[in-house]
Structures are given as structure tokens and as C-alpha cells.
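8 protein chains.
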Amino acid sequence: MSYDRLTASNAAVLFVDHQTGLANGVTTQTPVDFLNNVKALVTIAQIYKLPTVVTTSAHDGPNGPIMPAVEQGLPDATIVHRPGEINAFDNADFAAAVKKTGRKKLLIAGISTEVCLAFASLSAKAEGYDVYAVLDASGTWSKLVEDAAIARMVQAGVVPMTWVGVGAELLHDWRSETGLAHGKLMGDYLPFAGNNTTAFFAAKGQK
Amino acid sequence: MSYDRLTASNAAVLFVDHQTGLANGVTTQTPVDFLNNVKALVTIAQIYKLPTVVTTSAHDGPNGPIMPAVEQGLPDATIVHRPGEINAFDNADFAAAVKKTGRKKLLIAGISTEVCLAFASLSAKAEGYDVYAVLDASGTWSKLVEDAAIARMVQAGVVPMTWVGVGAELLHDWRSETGLAHGKLMGDYLPFAGNNTTAFFAAKGQK
Amino acid sequence: MSYDRLTASNAAVLFVDHQTGLANGVTTQTPVDFLNNVKALVTIAQIYKLPTVVTTSAHDGPNGPIMPAVEQGLPDATIVHRPGEINAFDNADFAAAVKKTGRKKLLIAGISTEVCLAFASLSAKAEGYDVYAVLDASGTWSKLVEDAAIARMVQAGVVPMTWVGVGAELLHDWRSETGLAHGKLMGDYLPFAGNNTTAFFAAKGQK
Amino acid sequence: MSYDRLTASNAAVLFVDHQTGLANGVTTQTPVDFLNNVKALVTIAQIYKLPTVVTTSAHDGPNGPIMPAVEQGLPDATIVHRPGEINAFDNADFAAAVKKTGRKKLLIAGISTEVCLAFASLSAKAEGYDVYAVLDASGTWSKLVEDAAIARMVQAGVVPMTWVGVGAELLHDWRSETGLAHGKLMGDYLPFAGNNTTAFFAAKGQK
Amino acid sequence: MSYDRLTASNAAVLFVDHQTGLANGVTTQTPVDFLNNVKALVTIAQIYKLPTVVTTSAHDGPNGPIMPAVEQGLPDATIVHRPGEINAFDNADFAAAVKKTGRKKLLIAGISTEVCLAFASLSAKAEGYDVYAVLDASGTWSKLVEDAAIARMVQAGVVPMTWVGVGAELLHDWRSETGLAHGKLMGDYLPFAGNNTTAFFAAKGQK
Amino acid sequence: MSYDRLTASNAAVLFVDHQTGLANGVTTQTPVDFLNNVKALVTIAQIYKLPTVVTTSAHDGPNGPIMPAVEQGLPDATIVHRPGEINAFDNADFAAAVKKTGRKKLLIAGISTEVCLAFASLSAKAEGYDVYAVLDASGTWSKLVEDAAIARMVQAGVVPMTWVGVGAELLHDWRSETGLAHGKLMGDYLPFAGNNTTAFFAAKGQK
Amino acid sequence: MSYDRLTASNAAVLFVDHQTGLANGVTTQTPVDFLNNVKALVTIAQIYKLPTVVTTSAHDGPNGPIMPAVEQGLPDATIVHRPGEINAFDNADFAAAVKKTGRKKLLIAGISTEVCLAFASLSAKAEGYDVYAVLDASGTWSKLVEDAAIARMVQAGVVPMTWVGVGAELLHDWRSETGLAHGKLMGDYLPFAGNNTTAFFAAKGQK
Amino acid sequence: MSYDRLTASNAAVLFVDHQTGLANGVTTQTPVDFLNNVKALVTIAQIYKLPTVVTTSAHDGPNGPIMPAVEQGLPDATIVHRPGEINAFDNADFAAAVKKTGRKKLLIAGISTEVCLAFASLSAKAEGYDVYAVLDASGTWSKLVEDAAIARMVQAGVVPMTWVGVGAELLHDWRSETGLAHGKLMGDYLPFAGNNTTAFFAAKGQK
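Chains as they are written, first to last, in the working numbering: chain L, 1 to 207; chain U, 1 to 207; chain C, 1 to 207; chain X, 1 to 207; chain S, 1 to 207; chain D, 1 to 207; chain W, 1 to 207; chain Z, 1 to 207.
In case anyone wonders, no lab produced these hints; they're calculated from the structure.
All values reported here derive from a predicted model rather than from experimental measurement.
Treat the hints with care, as some may be off.
Claimed, not checked - Dumping the calculated DSBU-like pairs for lysine-lysine here, alpha-carbon to alpha-carbon at most 30 Å: (1) Z:K39 to D:K204; (2) D:K125 to X:K104; (3) S:K204 to L:K39; (4) W:K39 to X:K143; (5) L:K184 to S:K184; (6) D:K184 to S:K143; (7) Z:K125 to X:K143; (8) W:K204 to X:K39; (9) L:K104 to Z:K125; (10) S:K125 to D:K104; (11) X:K104 to C:K143; (12) D:K104 to L:K204; (13) Z:K39 to S:K143; (14) D:K143 to X:K143; (15) U:K204 to C:K39.
Can you make the complete structure from the sequences, with help from the hints?
Encoded structure:
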């Protein structure tokens with residue numbers, strides 16, 4: 001067994017179908033928690049300058065446009081609007097965009113977990129990528145559906161992760177140059193961390 | 001690792017013991033959610049014209065007749081009433097009916113998850129089929145029983161799925177000829193999707 | 001203490017803001033359960049020919065149009081589109097429509113429970129109506145919000161109810177002329193009841 | 001405020017619609033817990049020789065016959081099969097049977113909580129009885145329905161109780177003649193109590 | 001029964017002990033939901049220009065400083081640091097600051113629900129104020145503690161509310177001058193509302 | 001409405017049947033949380049030197065001896081072993097011991113909530129005491145039983161509380177002489193408070 | 001992959017530490033559900049005449065004697081009281097008793113899941129037995145502990161099962177000679193099944 | 001498959017980032033349960049004289065100092081304060097301290113489960129250690145995060161455990177010299193066990 005880490009130079013991020021209409025169908029987290037976690041992954045992509053591909057399914061129909069938190073948060077992302085393919089890797093532009101990142105390790109999030117995330121993850125795995133499913137920046141219609149999807153992906157060798165873990169593996173060391181931005185990330189998206197920081201500097205008289 | 005997809009020409013559906021008396025024992029979903037999910041899988045079988053086998057256990061006793069949603073929803077299904085065999089594959093007629101579908105991939109749902117679904121899945125797997133357990137069109141007596149059953153099936157290589165994933169893998173592309181029917185399926189059995197569609201066309205002034 | 005019953009001649013039903021966009025915000029029930037319960041109340045209004053007023057808030061904006069289950073299910077309802085008033089009784093047309101029903105007892109459902117249902121209930125109570133909050137045909141953003149809203153309404157003397165209770169009080173006796181339709185209502189929206197009926201007639205050999 | 005206690009000579013028990021078909025619809029407790037709690041109330045009625053009235057709604061139809069635990073457990077109960085009345089007190093035979101008990105305090109349990117229990121409780125309260133709703137020997141279709149029903153009954157002055165409390169108020173003192181039978185009741189229907197008793201006597205070397 | 005509404009000219013807001021250290025003890029909501037709800041109430045205070053009093057308990061000790069979301073969000077609030085009094089109304093400066101608002105209706109939120117919120121609410125009620133407990137901008141250590149606190153406050157005549165209801169009662173009509181800001185409030189703190197708005201304008205082609 | 005506070009000179013504490021065998025039947029909290037909350041109330045009784053009466057039911061039988069946390073934590077309490085009376089106030093020695101405390105306000109905790117706590121609370125209320133049910137230092141067999149018991153007590157005018165609230169009302173002001181001991185109480189039984197204190201002094205360099 | 005079934009002639013049952021004191025520590029099911037499930041496995045052992053070994057850990061100390069449901073339900077079981085060994089297979093008498101059954105497949109249940117069940121299961125697996133963990137006739141102190149234990153056992157190749165599945169695999173066919181006894185088993189320990197049977201025969205007029 | 005046991009001479013314990021600030025972020029257990037479980041693992045390390053390494057991340061910042069329960073409970077532990085490395089094994093001093101224990105089997109606990117525990121576990125596994133994740137002495141921000149972390153570790157071959165199992169495997173036999181201390185451990189951190197022991201000796205008259 002080896003433990004091959006995520007780094008800012010070996011990873012890319014894929015946001016699959018984070019669209020307003022689909023987001024309203026997510027029930028596996030509270031809506032506020034889910035949005036918070038999506039924003040956190042967006043911020044990680046920015047802090048670590050990870051190549052990012054955002055894709056949508058029928059974005060000009062009822063699924064709705066890209067969630068503003070994703071679109072506005074990732075101005076440099078490659079966006080691929082899929083006209084009909086459900087599995088993002090079935091769209092040649094998307095597959096090419098991913099390949100073009102030159103990265104071996106793919107951090108994938110999607111709505112929904114069992115379709116957009118799982119299908120892309122299984123295809124990526126089959127293509128030879130190392131695949132990490134970012135589960136809390138993903139969501140679906142029921143806990144049973146989410147559990148089944150996670151089990152299916154784990155069965156296929158996909159690595160289950162969540163954004164704090166993804167970020168921490170990328171950060172590697174608090175003394176690195178992203179340390180400050182990473183601290184802000186934690187404070188912004190994990191309230192207890194923000195509270196701790198505020199309290200700490202107040203206690204030091206440095207507020 | 002390869003990712004061999006479900007298609008309308010490689011898959012069959014098996015409904016194992018969706019009988020009224022057994023349905024009343026399901027507690028792993030709300031009764032309305034469970035019925036909704038069973039109907040959705042029935043509709044998928046119709047849309048994709050999947051060969052379907054429906055089987056019962058002692059249907060003229062306390063287990064009760066086939067749930068109307070299954071029986072009326074699948075007028076062309078092969079029905080095999082098992083006089084006593086618990087594992088559906090122990091019944092020669094059922095095994096033959098499945099074989100006759102000519103399909104390698106079996107989508108199986110059952111009441112209960114740990115008996116009717118798991119036993120059939122393990123036997124099908126042993127027979128060389130690719131087996132997909134459709135977990136939300138299945139149900140059982142407690143969460144612990146369901147979790148144990150899923151773990152047993154996954155341990156044996158059965159693929160855990162749920163109906164939206166099954167449908168999406170079969171649909172493959174929204175532009176395919178089943179796209180319209182598939183859209184109705186989603187709207188009918190995922191209320192947020194129906195709401196989104198209604199709202200979208202109203203906003204477009206096309207209601 | 002007296003127990004003054006609901007009857008088909010003393011009650012009216014008010015649907016407050018059952019709009020597609022708001023329905024997607026309900027998390028206090030599963031989406032399928034919520035839709036099921038709304039449909040059941042719609043059906044009760046039909047069976048008992050209760051005068052019904054449907055009202056919306058900004059229905060041509062993001063809140064979306066009336067949920068099809070309500071609009072199509074109640075073709076004879078009076079519809080009042082409120083241009084801005086949040087409390088439905090602040091809209092003179094709505095208040096007049098309610099008054100015009102000539103009924104003393106109001107069955108009110110709304111999205112959300114703490115705004116659309118509670119505000120209308122408190123105003124109706126203040127106007128002298130007997131108010132019954134139909135809680136399962138209503139919903140809101142979190143359990144805490146729902147609990148607070150119920151406590152506020154109960155504190156003000158609003159009677160907390162749910163659709164099966166409403167229907168049963170209206171039915172009064174299974175031998176009444178609505179008995180058959182009422183039986184279908186129960187079978188359609190309470191799956192165990194439908195299962196029981198199917199099983200019973202099968203056992204009797206009358207299927 | 002006064003505290004007027006339940007005694008073996010001032011209380012009667014009413015079982016409203018504990019029928020097999022309705023029991024299968026109860027989801028507010030696990031099925032095993034619910035049956036256990038019904039049996040416990042049956043046993044209390046026996047130990048304290050409380051006059052008991054058992055009533056059914058359409059018992060020869062899909063609602064099914066009286067649950068065996070109730071029928072066999074209460075051989076001396078008055079049974080009133082209601083041909084159609086939903087509120088048990090609307091049936092003259094039932095109302096007379098209750099009156100004939102000569103008791104002022106009514107312990108009522110029913111399936112479902114919001115119909116069979118609540119309607120009978122409200123009518124009994126209106127008739128001048130002291131009403132105690134035995135909530136764990138009752139059940140219904142969802143937690144929201146149960147909560148609404150309890151709130152409605154409490155609002156009307158019905159006293160919310162559960163079987164252990166009912167039994168304890170009747171027992172009054174462990175040294176009374178029913179003490180031994182009551183100890184067995186507790187051991188049989190509260191597993192920890194049975195375990196404690198077994199362990200105690202084993203430790204004393206009296207097993 | 002009368003229904004006397006909250007308005008921008010009859011209400012004041014009190015934030016009691018929203019301090020970083022105490023916020024870390026809240027378990028009755030997810031941390032992200034709780035912070036979201038506190039921010040929403042802060043924003044309501046701003047939109048409706050409600051006089052606001054913020055108070056702390058031992059803010060230079062382990063309880064920590066005021067949560068930044070409250071302090072930075074309410075630059076014009078009166079702040080009263082209590083040196084030791086637990087019930088905020090026991091501090092003369094706080095009681096005077098509340099009185100000075102000239103408002104009869106008090107919207108109170110606090111950490112924790114059963115101490116900071118409940119004590120202040122009971123005292124305010126005893127002083128003759130109309131008291132509204134904003135429960136989702138408040139929190140505490142366990143669900144049981146929260147339920148007990150709500151029951152105690154309701155028993156004393158405090159009105160249980162949550163921020164969406166508070167805001168809606170203040171808004172009164174979407175066509176009022178605060179309508180636009182209120183729409184943004186809803187979109188920012190209720191994700192489904194933000195999604196609906198984004199989707200609506202996209203569908204209209206006005207994005 | 002008046003708000004008459006708990007003080008160290010007007011309150012007494014009653015522990016009703018905190019026995020090892022009964023404690024093992026409590027399921028309404030985790031066992032560790034329950035023990036923690038009982039210990040906290042014991043500590044409050046000590047800090048505020050509240051007269052305390054501890055009573056048991058058949059302590060030399062399967063119910064078991066007094067929980068060590070109560071017995072050892074309250075060496076000066078009056079202990080009344082009841083030979084059979086279930087309602088503690090039916091035992092003359094207990095009633096006399098309570099009366100002898102000379103206190104008007106009774107803080108009562110018990111196992112179980114619906115019997116030992118509720119019966120004593122209702123009797124105390126009927127006797128003219130002000131009664132406060134300390135719900136988290138009490139427990140019972142299921143959430144439904146606890147909810148019913150709380151509803152029954154609230155209906156009768158008993159005040160629902162929990163230990164942090166009880167302690168805070170007694171403390172009144174952190175600058176009082178019990179402030180230091182009270183701070184330790186909070187740190188010992190609310191882990192976040194202990195963590196905050198440790199972190200605060202570390203940040204100040206005063207560890 | 002092969003599917004080697006449980007039969008009455010290849011399986012033995014091991015009850016590990018089903019003692020009264022340990023049973024009171026189980027929180028992963030309701031106490032009544034847990035006892036019900038233990039009794040069901042006991043009944044299966046009897047119906048299928050499976051060789052059974054019951055073992056205890058320090059049964060004459062605080063762990064308490066064998067649960068009566070196990071001891072009285074299995075009069076012919078081999079009982080091995082272990083004086084100190086925690087892993088039952090470390091006790092030579094137990095290991096010998098298991099070996100003496102001559103069975104290759106072991107159905108193991110234990111309190112607690114992560115110690116008594118998991119340790120015995122891992123040792124049995126290492127010894128070459130086919131091991132089936134009967135999870136609902138086992139229990140432990142928290143859901144997290146149970147989940148971890150199941151994951152550990154599954155990781156080691158132990159098959160996760162529950163009693164209905166075990167029974168159904170042994171029954172194999174309802175027409176076998178154990179069919180009648182098996183039907184009673186289902187009716188006794190799965191209330192919906194009992195209700196269905198009662199209702200069915202009533203509908204047939206065969207009650 | 002072999003089952004290689006934990007013993008007092010082959011195991012070491014690693015506490016990774018049990019710091020006050022991080023502890024306040026744990027929501028996967030109640031705060032009191034979490035602290036209880038951490039203390040239990042600390043006590044196990046002491047009873048079995050296991051070499052122990054305690055490490056922190058930025059302990060002089062907002063993460064806070066070591067939890068007193070860990071620091072004071074393990075006076076002989078090697079403490080490694082990491083200046084920035086997130087994965088403890090990236091710190092040479094920590095890696096050396098672990099190596100110096102000379103143990104092959106590592107019991108690791110951490111806050112948070114998916115970062116501090118999972119990263120250290122994966123690295124240790126890659127280094128060739130046998131790794132046991134002590135999940136209940138670890139915690140994180142949400143159940144989904146914990147589930148994902150457990151799945152990731154199990155996928156990599158880490159053994160999931162909890163403290164009672166760890167202790168029991170180390171104890172091996174109640175007659176060993178640590179038996180007495182182990183009994184106290186159980187009584188102190190599993191309340192039912194303490195209750196059982198107290199009750200047992202009281203029943204024996206040996207209290």
C-alpha cells in the first residue's frame with residue numbers, strides 16, 4: 001500500500017452539474033451546509049490554482065444555470081455546456097478539457113452524487129485517472145441514494161473525501177505560502193475555526 | 001477497472017416479491033417514498049422496453065398479491081408465481097425466464113432487501129450475471145437489516161444502485177429518443193424536477 | 001369544553017402560496033411525502049365540495065406558478081394572485097373571497113408554515129373564524145421553524161390538524177355518500193391502506 | 001390545581017380500532033415496540049380489572065379484525081363493532097358501553113392517534129369525562145401527524161400519558177395486592193426491568 | 001384574540017451573548033446553519049433600521065468577544081458589556097438601553113436559548129414588553145434543553161418565532177420600499193430562494 | 001405575568017429514584033450524557049447549599065441502590081427510602097422532609113420522567129409549591145414517553161428546566177461568591193466551556 | 001464467486017455473552033426490538049435443530065446470568081461459562097464445543113458487537129470457519145461502535161446477516177417440513193407478518 | 001486470513017491533535033460522549049503502559065493547547081509540537097518518536113477523523129505499520145465527513161476500532177493483572193457497567 005498525496009501540481013477539480021435547479025433537489029445536507037461546502041471547494045480551487053473544469057447538463061432548461069457560487073467563484077474555469085450527455089466524460093469537449101489539465105488526480109464533485117459524480121468518477125477511473133469524490137460538495141435526493149452511490153464508487157476504487165481533507169492534503173504544511181489564505185478558508189467555512197481565531201486574538205489583546 | 005454501462009439492450013429487470021402484504025412491512029423509507037420509487041423503476045422498465053420478470057412468493061396467502069403499481073404498470077412482464085422457493089433462482093421457471101431475456105445485466109429489486117433481493121442477487125452473481133441491486137425500489141424491516149444486506153451484497157460484488165442512476169445510465173443522452181419520456185419520469189417521481197420544469201416554462205411564458 | 005365538528009357545510013379550504021418555487025424550499029417532509037399530502041388535501045376539498053380559495057404571492061416571479069397538483073386538482077377554486085401582500089388576509093380580494101364562502105371554519109395550508117400558514121391563521125383567528133392548520137399539507141425550511149410555528153399557532157388557539165384527520169371528521173360515517181370516494185382517497189395517499197384493500201379483496205377471491 | 005389520581009375504581013380503558021390492517025400503518029414506533037406497548041396496556045386492564053370497551057371500524061373489511069393481542073388479551077371486554085361511525089362516541093352502543101362502566105376517568109388508546117384516539121378523546125372530554133390519552137399504545141402514519149394530534153388533544157385539556165405512567169398511578173404502592181402482577185408486567189414489557197430482576201436474584205443466589 | 005403585528009416602528013432587536021466562545025457550544029443546529037441564521041437576523045435589523053441592543057457576558061474572558069457577524073454587521077447597535085449579571089435585564093445599562101428604544105415589542109435572540117434568551121424574555125415579559133423569541137438565531141447545548149426552554153417561554157406567553165417569519169411580518173408587502181433589500185436577504189440566507197431567483201431570470205433571458 | 005426567580009434561599013432539590021437499576025433503563029439521552037447531567041445537578045445542590053432530599057423506591061430490590069454519583073455527591077442530603085409508595089409525596093417521611101426544607105420552590109429530577117418526576121411534580125404543585133422539573137437530570141424509556149410527560153407537567157403549570165438554566169438562575173451574577181465554583185461546574189460538565197477556559201488562559205500565557 | 005448456502009445441516013449457532021447486565025448496555029436498537037431479535041434467533045436454532053453453544057463471561061459477577069430468553073429458549077444448548085477469557089475461542093472448552101458441532105458455518109451473535117461478536121468472528125474466520133455475524137441479535141453501546149465493528153468484520157470476510165435472512169436461507173422452501181413453524185416464527189417476531197396472517201384468514205372467513 | 005491480536009507489548013498509541021480548539025469543532029458525538037471516549041483511551045494507554053506519542057498542530061495558536069484530559073492523563077507521553085506539518089508523519093520528530101516505541105501496531109486517534117487521523121493512518125500504513133483507527137476517541141465536523149473518512153481508511157486496509165474493543169483485546173483475560181484496573185475503566189466510562197457493578201455488590205450485601 002502506498003499513499004500518494006494530492007498536491008497543487010498533480011490535481012484538477014471538476015464541478016459536474018452544480019446548477020440552480022439541481023441544487024434545489026439536494027436533501028442530503030441542509031441547503032445552507034451544502035452551499036457552504038460547495039463554496040469551500042471553489043475557494044480551494046482558487047487558493048491552490050488548480051485547473052478546473054465546470055460542466056453543465058442542459059443549462060438553458062429546467063436544470064438551470066450554474067450556481068452563482070461556482071460560476072462567479074471560478075472565473076478562470078473551463079466551462080463545458082453539455083447538450084445532452086449525462087456522463088460528462090461522454091462529451092468530447094469535457095474529456096479533452098480534463099485531459100488538457102495534464103493532471104493525473106481528479107477531484108470530482110457533482111449534483112447528483114449517484115449520477116453526475118458517480119458516472120464521471122467511474123469513467124475517469126476507467127480512463128486511468130486517480131479519482132477522489134468530494135462528497136460534501138456533492139449531494140442528492142436521499143440518504144439511501146447517497147449511501148448507495150458512495151458504496152458503488154468505493155467498490156470501484158474511487159477515494160471518498162470531503163473538502164477539509166482535500167484542502168489539508170493540498171496545504172501540506174501551515175508554513176507554506178498558501179497558509180494564510182488557507183486559514184481564512186477554514187475560518188470562513190468552518191464556523192468553530194473562525195470563532196477560535198477571533199477568540200484567540202482577542203485573548204492575546206491583538207484584536 | 002472497466003466501466004461497463006447499462007443499456008436498453010443489455011439489461012433486464014427483476015421484481016422479486018413486491019406483494020401488498022410484504023410492502024406493509026417496509027420501514028426503511030416512508031411508505032409514500034417507497035411506493036414512488038417502485039413506480040419509478042416500473043416506468044423505467046417501460047420506457048426502455050427492458051425485458052422484465054415479476055415473481056411472487058405464495059401470492060395467494062398472507063404475503064398478498066402483486067402490488068398494483070407493479071402488476072398494472074408492467075402488463076407485458078413475465079410473471080412467475082413461486083409456490084414455495086424463497087430464493088427466486090431456485091425456481092426453475094424463474095431462472096428460465098431470466099435466462100430467456102438474453103440479458104447479461106440484471107437490475108434486481110425486492111421486498112425484502114436482505115432476503116428477496118439479496119438471495120436473488122447472490123445467486124445471479126454466482127450464475128455469472130452482472131448484478132445491480134436497485135436499493136430504493138427495495139425495502140425491509142429496519143435500517144440495520146438494510147445496511148447489513150447492502151454490505152453483504154457489496155462484499156459479493158453486487159453493484160449498489162438506485163432508480164435515478166439506473167435510469168440515467170440507460171438514457172445516456174437527453175437527446176436520445178427516450179429523452180421526452182425520461183423527462184416526464186423525472187418530473188413525476190422527483191417533485192423538485194417537476195417543480196423546476198413547471199417554473200421554467202412559466203418563466204418563459206410558455207405555460 | 002365543547003367539540004364542534006368540521007362538516008362539509010361549515011368548512012372552507014385555503015391554499016396559501018403552494019407555488020413551485022416555494023415547494024422546492026420545503027425540507028420538513030420528504031418531497032414526495034409533501035406532494036402526496038398536498039394532493040390528499042386537494043382531493044378532500046373535491047370530495048366534500050368545500051369552497052376553496054387558492055392564493056399566490058408574486059406568482060409571476062421566482063416563487064413560481066401554482067403547483068400543478070393544486071391548480072389542476074381544483075379547477076373551481078377561487079384564485080387570488082396577491083401582488084405583494086405577505087399575509088393573505090391583507091389582500092382585500094382574498095379576504096372577500098374567504099368571507100364569500102360563508103363558512104365559519106377555515107382549513108388552512110401554506111408554504112411556508114411559519115409565514116403563509118401562520119400569518120393567515122392568526123389573522124383569520126383575529127377575524128373570528130375557527131381556524132384549523134393543516135400541517136402536513138404545509139411545510140417549511142427546517143424542523144425548528146416548523147415547531148416554532150406550530151407552537152405560535154397553538155398558543156393563539158389555532159387547532160393543529162393533518163389531512164387524514166380533516167378528512168375523517170368531514171366523512172363522519174363510512175356509510176355516507178362520500179364513503180366510496182373517501183376510501184379511494186385513503187388508498188391513494190396512504191399506501192398501507194391501498195395495500196390492505198387490494199389484499200382483502202384478493203383474499204376474498206374478488207380481485 | 002388539583003391532582004386527581006387514576007385508581008382501579010375510577011378508570012375504564014377504551015381500545016379504539018386496534019385492528020390488524022390499521023396496525024400495519026403505524027410508523028411512529030417500531031412495529032415491535034408498538035405491539036409491546038399495546039400488550040402492556042392490555043395487561044394493565046387485566047391486572048386492575050378495569051372495565052374495558054374495545055371497538056372497531058369496519059372490522060370485516062380491509063381494516064381487518066381486532067389485533068389478537070387485544071382480543072385474546074381481553075376476553076371480558078365489551079366489544080362494539082361500529083358499522084360506519086368514525087368517532088366511536090357517535091355510535092350509541094359504544095357511548096352506552098362506556099357510560100355503563102360507571103367510570104369518570106377514561107384511558108383511551110387508538111389507531112390512529114389523530115383520528116380514532118383524538119376524536120374519541122375530544123368527544124369524551126365534551127361529555128364531561130376526564131380523558132387520558134395513552135399515547136404509546138396508540139400510533140399513526142408519521143411523527144408530524146402524531147405531534148399535531150397530541151397538541152390538539154392537550155389544547156383541549158386531554159391528559160397525555162403512556163402505559164408505564166398509567167400503570168404506576170393505578171398501582172399506587174408496590175405493597176398493594178397487585179404488586180406482584182405489576183412487577184411481572186414491568187419485567188415483561190420493559191426489558192431492562194426484567195434484566196434487573198433476573199440479575200438481582202442471581203446475585204442473591206436465589207435464581 | 002387579537003393579532004398585533006410587528007412593524008419597523010414598534011420593534012427592537014436584542015442580541016444576548018452572541019459571543020465566539022458560546023457559539024462553539026451550540027449543537028441544536030449545524031454550525032453553518034446557526035451562523036447563517038444569526039446573520040439573517042442581523043440583516044433584518046439593518047434593513048428595517050430596528051433599534052438594536054447587543055449585550056455580552058464577560059466578553060473579555062473565556063466566553064469570548066462578540067461574534068464578528070454580529071459586531072461588524074451592526075455598527076450602530078448599542079453595546080452593553082455586562083460585568084457579571086446573567087439575566088441581561090439585571091444590568092441597569094441594558095435595561096435602560098432597551099427602554100430608550102421606545103419600542104414595545106422586543107425580538108430577542110441569545111446564546112444560550114434556556115439562559116440568555118429565556119431569562120431576558122421572561123424579564124421583559126414581566127416588565128410589560130411584548131416578547132418574541134427568535135429561536136433560530138439562538139441555540140444551545142442539546143435538543144432537550146432547547147425544547148424545555150421553548151416550552152418554558154411559551155408557557156409564560158412569549159411568542160416563538162424564527163427569522164423568516166420576523167422578516168416577513170416586518171416587510172408586510174413586497175411592494176414596500178424594503179422589498180428589494182428583503183429579496184436579497186431571502187436569496188442570501190435561504191439558498192433555495194437564491195437558486196429560484198437566479199433560475200427565473202436566466203429563463204427570462206435576463207441574466 | 002411575573003418572573004419570580006430561583007435563589008439559593010428559596011429553592012430545594014429533590015432527587016427521586018436515581019437508582020442504578022432504573023438508570024440502566026434511561027434511553028432519552030446517551031448514558032454518559034445522562035450521568036453527566038445528574039452529576040451537574042448534584043454539584044449545583046452543593047455549590048448553592050440547597051436543602052436536598054433523596055428518595056428511593058425499593059432500593060434493596062432490583063431497582064438497585066442510589067446511583068453513587070448522587071449518594072456520594074450529596075453526603076448531607078436527607079435520604080428517604082420508600083418501602084412501596086410510587087409517588088414520593090405519598091410517603092409521609094418524604095413529604096415531611098420536603099416541608100422541613102422550608103422552601104417554596106422545588107427543583108425535582110427523577111427516573112423516570114413520567115412516573116417519579118411527573119407524579120412528584122403534580123403532587124407538589126397540588127400542595128402549593130412552585131415546581132421546576134429538571135428534565136436533563138431526569139430520563140425515561142423513550143422519547144415519546146418523555147414528550148408526553150413534559151406535556152402533562154407543562155399542562156399542569158410545572159416549569160420545564162434543565163441544569164444549566166437552574167444553575168444560572170441561582171448564580172444570578174458571576175461576581176457573586178459562588179462564581180468561581182460555578183465556573184468550575186460549567187467547565188466540568190459542558191466540555192466546550194472547559195475547552196474555552198483552557199484555551200483562553202493559554203492564549204493569555206497564563207496556563 | 002460462489003454462493004454457498006446455509007442449511008440445517010451445515011450451520012451451528014453461537015450465542016456469546018447474552019447476559020442480563022450486558023443486555024442493559026445495548027443502545028443500538030430499542031430494548032424491546034433487541035430482545036425480540038434475540039428471541040427470534042433462539043427460535044430459529046430450535047426450529048432447525050442447529051447445534052448451539054452458549055457462552056458467558058463472568059456470569060456470576062456484574063455481567064449477570066444468561067438472558068432468560070436465551071437460557072430457557074435453548075434447553076439443549078451446550079453452555080460454556082468462561083472464567084476470564086474475553087475472546088470465546090481462547091477458552092478451550094468453547095473451542096472444543098464449537099468443533100464438536102461438526103459444522104463449517106457459524107452463525108454468531110454477541111453482546112457486544114465489537115467485542116464478543118467481532119473477536120469470536122475473527123478467530124473463527126482465522127480457524128477456517130465460514131462466519132456469519134447475526135447483527136440484529138447482537139448489540140452494543142453506540143451506533144458508531146456498531147458501524148466500526150461491522151466494517152472491521154466485513155473487512156475480514158465475515159458475512160453480515162440478520163435473523164430473517166438467516167432463517168430464510170435455512171428454510172429454503174416454504175413447502176419444507178419446517179414451513180409451518182417458520183410461519184409462526186415470522187408472525188411472532190415480525191408484527192406485520194402476524195397482522196397479515198390474521199387478516200388473511202379473517203378475510204377468507206377461516207378465522 | 002489471520003487474526004493477529006493487539007497486546008500490551010506490540011501496540012503503541014498516538015493522539016493526533018487533541019487540542020481544545022479543535023475539540024470544539026467535533027459534532028459527530030455529543031461533546032460529553034466524545035470527552036468520555038478520549039479519557040477512556042487515555043486510561044487504556046496508562047493501564048497497559050503503552051508507549052504513547054501525543055502531537056499537536058500549531059498548539060500556540062487558535063487550535064489551542066492539548067486537551068487537559070490528554071495532557072494530564074498521560075504525563076509520560078512523548079509530546080511533539082508540530083510547527084506546521086498537517087500529516088503528523090511528515091514531522092521527523094514525530095516519525096522518530098513513533099519508530100522509537102518499537103511497536104508494530106499503532107492505535108491512532110485524532111481530531112479530525114478525516115485529516116489528523118486519516119492522514120496519519122494512511123502514512124503509517126504506507127510505512128508498514130499495522131494501523132488501528134480508534135474512531136470514538138476521534139471526531140469531526142459532520143457525520144458525512146466521518147463516514148467518508150472511515151470508508152477511505154478501510155479502503156486502504158486500516159482497521160476500524162473503538163476503545164472498548166481496543167481495551168478488551170489488550171486485556172485478553174479478566175484474570176490477568178490488569179483485570180481490576182480494567183474493571184474500573186469500564187465502570188468509569190460505560191455508565192451501565194458501573195451501575196451493574198454497584199447493583200451487584202449491593203445485592204450481595206457487600207456494598
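query = Can you list which hints this structure breaks, lowest number first?
reply = 7, 11 and 12
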